[in-house]
Amino acid sequence: MENFGNLMDGFGIVFSFYHFGLMAAGVLLGILVGVLPGLGAPNGVSLLIPLTFTMDPISAIILLTSMYWGALFGGSTTSILFNIPGEPSSVATTFDGYPMAQQGKATQALTLAFMSAGIGALVGVTVITVLSGWVTQFALKFSSPEYFAVYLLTFCSFIGMGSSSPFKSVVSMMLGFAFAAVGMDGMAGNMRLTFGITELIKGISFLVAVIGLFGLGELLQTMEEGLRFDGIHARIKIRDVWEAILSLPKHWMTLLRSALVGCWMGITPGGPTAASFMSYGLAKRFARKKDGFGKGEPAGVVAPETADHSAGTCAILPMLALGVPGSATAAVMMGGLMIWGLTPGPMLFIERPDFVWSTIASMYMGNVMAVILVLTTVPMFAAILRIPFSIIGPMIVVVCFIGAYQISGARLDLWLALVFGIAGYLLKKLDYPIAPMVLAMVLGDKTEDAFRQSMIFSKGSLGIFWTNSTLVATIMTLAMLLLFWPLIGRLVGRLRQQRTPN
Amino acid sequence: MQNPSGILMTRLTMEIAVALAAAIAGAIVCYGSLEIGTGWGDAGPQSGYFPFYIGLFIVIASCGVLVESVIEQRRYKQIFLTREQGYRILTFFLPMLGFVAVSMVLGLYVGLGLYLFGVMTIQGGYRIGKALAVCACTIVLFYFVFEKWFQVPLLKGPIEALLKIY
Numbered sequence: 001m002e003n004f005g006n007l008m009d010g011f012g013i014v015f016s017f018y019h020f021g022l023m024a025a026g027v028l029l030g031i032l033v034g035v036l037p038g039l040g041a042p043n044g045v046s047l048l049i050p051l052t053f054t055m056d057p058i059s060a061i062i063l064l065t066s067m068y069w070g071a072l073f074g075g076s077t078t079s080i081l082f083n084i085p086g087e088p089s090s091v092a093t094t095f096d097g098y099p100m101a102q103q104g105k106a107t108q109a110l111t112l113a114f115m116s117a118g119i120g121a122l123v124g125v126t127v128i129t130v131l132s133g134w135v136t137q138f139a140l141k142f143s144s145p146e147y148f149a150v151y152l153l154t155f156c157s158f159i160g161m162g163s164s165s166p167f168k169s170v171v172s173m174m175l176g177f178a179f180a181a182v183g184m185d186g187m188a189g190n191m192r193l194t195f196g197i198t199e200l201i202k203g204i205s206f207l208v209a210v211i212g213l214f215g216l217g218e219l220l221q222t223m224e225e226g227l228r229f230d231g232i233h234a235r236i237k238i239r240d241v242w243e244a245i246l247s248l249p250k251h252w253m254t255l256l257r258s259a260l261v262g263c264w265m266g267i268t269p270g271g272p273t274a275a276s277f278m279s280y281g282l283a284k285r286f287a288r289k290k291d292g293f294g295k296g297e298p299a300g301v302v303a304p305e306t307a308d309h310s311a312g313t314c315a316i317l318p319m320l321a322l323g324v325p326g327s328a329t330a331a332v333m334m335g336g337l338m339i340w341g342l343t344p345g346p347m348l349f350i351e352r353p354d355f356v357w358s359t360i361a362s363m364y365m366g367n368v369m370a371v372i373l374v375l376t377t378v379p380m381f382a383a384i385l386r387i388p389f390s391i392i393g394p395m396i397v398v399v400c401f402i403g404a405y406q407i408s409g410a411r412l413d414l415w416l417a418l419v420f421g422i423a424g425y426l427l428k429k430l431d432y433p434i435a436p437m438v439l440a441m442v443l444g445d446k447t448e449d450a451f452r453q454s455m456i457f458s459k460g461s462l463g464i465f466w467t468n469s470t471l472v473a474t475i476m477t478l479a480m481l482l483l484f485w486p487l488i489g490r491l492v493g494r495l496r497q498q499r500t501p502n
Numbered sequence: 503m504q505n506p507s508g509i510l511m512t513r514l515t516m517e518i519a520v521a522l523a524a525a526i527a528g529a530i531v532c533y534g535s536l537e538i539g540t541g542w543g544d545a546g547p548q549s550g551y552f553p554f555y556i557g558l559f560i561v562i563a564s565c566g567v568l569v570e571s572v573i574e575q576r577r578y579k580q581i582f583l584t585r586e587q588g589y590r591i592l593t594f595f596l597p598m599l600g601f602v603a604v605s606m607v608l609g610l611y612v613g614l615g616l617y618l619f620g621v622m623t624i625q626g627g628y629r630i631g632k633a634l635a636v637c638a639c640t641i642v643l644f645y646f647v648f649e650k651w652f653q654v655p656l657l658k659g660p661i662e663a664l665l666k667i668y
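These protein sequences, in sequence, are chains A and B.
All residue numbers for the first sequence refer to the working numbering, where the first residue is 1 and numbers rise by one.
All residue numbers for the second sequence refer to the working numbering, where the first residue is 503 and numbers rise by one.
So that you can see chain B by itself, here it is in the shape it has in the complex:
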């Protein structure tokens, strides 16, 4: 972090990237619609008829955004993300990504515990004992609120199966 206000990305780059991504999404929609038929069948318009034009509109409109952002470059010369902001985003996003990945394998409860524990000790600077206590309380609270009170089962993994909690 030698240069906290350093520019990581300009707005124009990001405008173009997002517009291109949208255009690709539109093209995919068009392609998917073509596969199922975009014409006129026995019972009226075929399934792909409506989505095909939707996809087409996405492509056209994102090209519009692209042209607009290039023409009005001066307005878009602003900074999109500074280094410091990028750092803050990553410190929030990466643990979140980790949480989802862990939950896929070990279930939401274990994911929640590890996530909260990690954020509290590494980012919050809490002592391990205190963090463990907070995590345990939270897991128990979530378990009772969702499984018992609202009766909605959450994603569980092998550890719950071992403990015979369903």
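Pulled out of the complex, with its shape left as it was, chain A reads as follows:
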């Protein structure tokens, strides 16, 4: 029950007009970013980080997390009204959300999406509240080899569990590590990989990479597909809202299942996108009448939305407790934490309990506020998408570049953002996963430090990762299993095939 008391303290800190104002501002900006094509949650959070440099960390994290919730909601709005997923994680919402809107049930679809998203998020925060004390105690036993093992596990799970080619995951991830290595070497103090370019001494900021990869890259992709907004006019009718809310209990099984899928995928680095697809698939498989799916089945909106948001919220837990973010947006936020001078990880719970618990408390309030705000402002945001693209497009581009410039006021960052934009477009089109690259850029230095310190302990023997403790051996074995999972899976499949002809 210690967690509960801490949570109450957190509520006490968050409960102020200033913080509520930040929450509302964050949610509204988030919805805006989620609705606009090309700007997503990771990118939006990157754009905001430079503005939080002068804030205190609690206010800053409230602003950033609220923006994240807002962006998730905004993404669902465009999925339903325009059949354009504002976020990769809301692709699955378009399957049934847009057909529902076409049938004149836009209000119901939106309400169902927002309410189930809200429920998913609250389940996620509750899981965080319950688990965080336990995770911290577990993590306190960690020293450098254990940390390296956890980082390795995170990266290996991208390789083993990702849907793209394992080679491509490795390339993307290792490029991220290489970008992180550019600049000053934190341990020895000399310059690395700058090739005589003075502007590279400060390193390549992961924020520039995110703005390029996610923002500009996604815009290029949207442009290539040809942008068409065949929007459905949404007028929120109060009666329909109530009707939809009253129909929610019917979907309790879907809600519960999707929330669990989401929590699991959020804590392990599967991420919200994988969670929403998986939960949509499960809902379809377990449904009594399957043919409704894809033609406007309410459960097809409830399932991905719940999973998307519970995964989004749960991704914050490993970020705070272990320093291992569970999604690209969480990775960006963690980078922010480090910029504000906080070290994510178990020590954060001991040194800054006020920060941790007000973050968690603000997640409860932020999500409730997001549901209310999004329901009341949907028509306004839908109207933004009716501004011609020849006006809104250049503005989005300029905001992206301004965001890149703001980080450190370097001209080179503008070119870097452009290069990352081209790279992001190409990589995404060829099914290279982008999230591992961002994660590697954020975790690169910490991973390297953990590795080098372990090497110093063991005088250069890799054996330390198996002999230091049973904990590290278990994590390493798990990591290796995940790393070679694509191979193991193929082998098992072949063995089975050989057996069947007999």
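By construction, these hints were calculated from the structure, which means they are not laboratory data.
Watch out, some of these pointers could steer you wrong.
Facing chain B, a subset of chain A residues (Cβ under 8 Å, in silico) [claimed, not checked]:
(1) Phe-15
(2) Val-170
(3) Ala-188
(4) Gly-393
(5) Met-395
(6) Val-397
(7) Glu-448
(8) Arg-452
For the chain A half of the interface with chain B, some residues (derived, Cβ under 7 Å), not all of them [stated by the list, open to error]:
(9) Ala-178
(10) Asp-185
(11) Met-223
(12) Arg-257
(13) Pro-394
(14) Ile-396
(15) Leu-418
Note that CB positions come from ideal geometry on N, CA and C, so glycine has one too.
For chain A, the structure is supplied; the task is to place chain B on it using the hints.
Structure of chain B alone, referenced to chain A:
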């Protein structure tokens, strides 16, 4: 645009090109690490120790991608880019490139104005007067949001210096 669905590039070509580019990047990382020492120094591993293996992994994995795409050629016979798509990309990308280049010399505000004006009149088909008005409003809005409200100075050029705006 005689052949709007004409193929500009196949997926296989692009797979190979990107894999080769990644391999070259990996090789550069290895070379850079070798310059600063990849061995064992007085205080443990030297600075180049970790990045060297990172570079090596990039080279190996991109060779893996290369082999994979050649073996599974049939799967990659798809179209990467049609002419029409290529055209759409260029009409979006070139103005963006122009914006960055102009901003480098004249600052972000002038860049923004020219960029928005160009896209609105040439691609959007707006009249010059209307486009000018929208550009002016946007520049003023951006100025107040960033310089006054958030207090983050943006890149400025000689024109701002002439007008004594800092």
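- Item | Non-conforming hints, listed in increasing numerical order | Those not satisfied are hints 1, 12 and 14.
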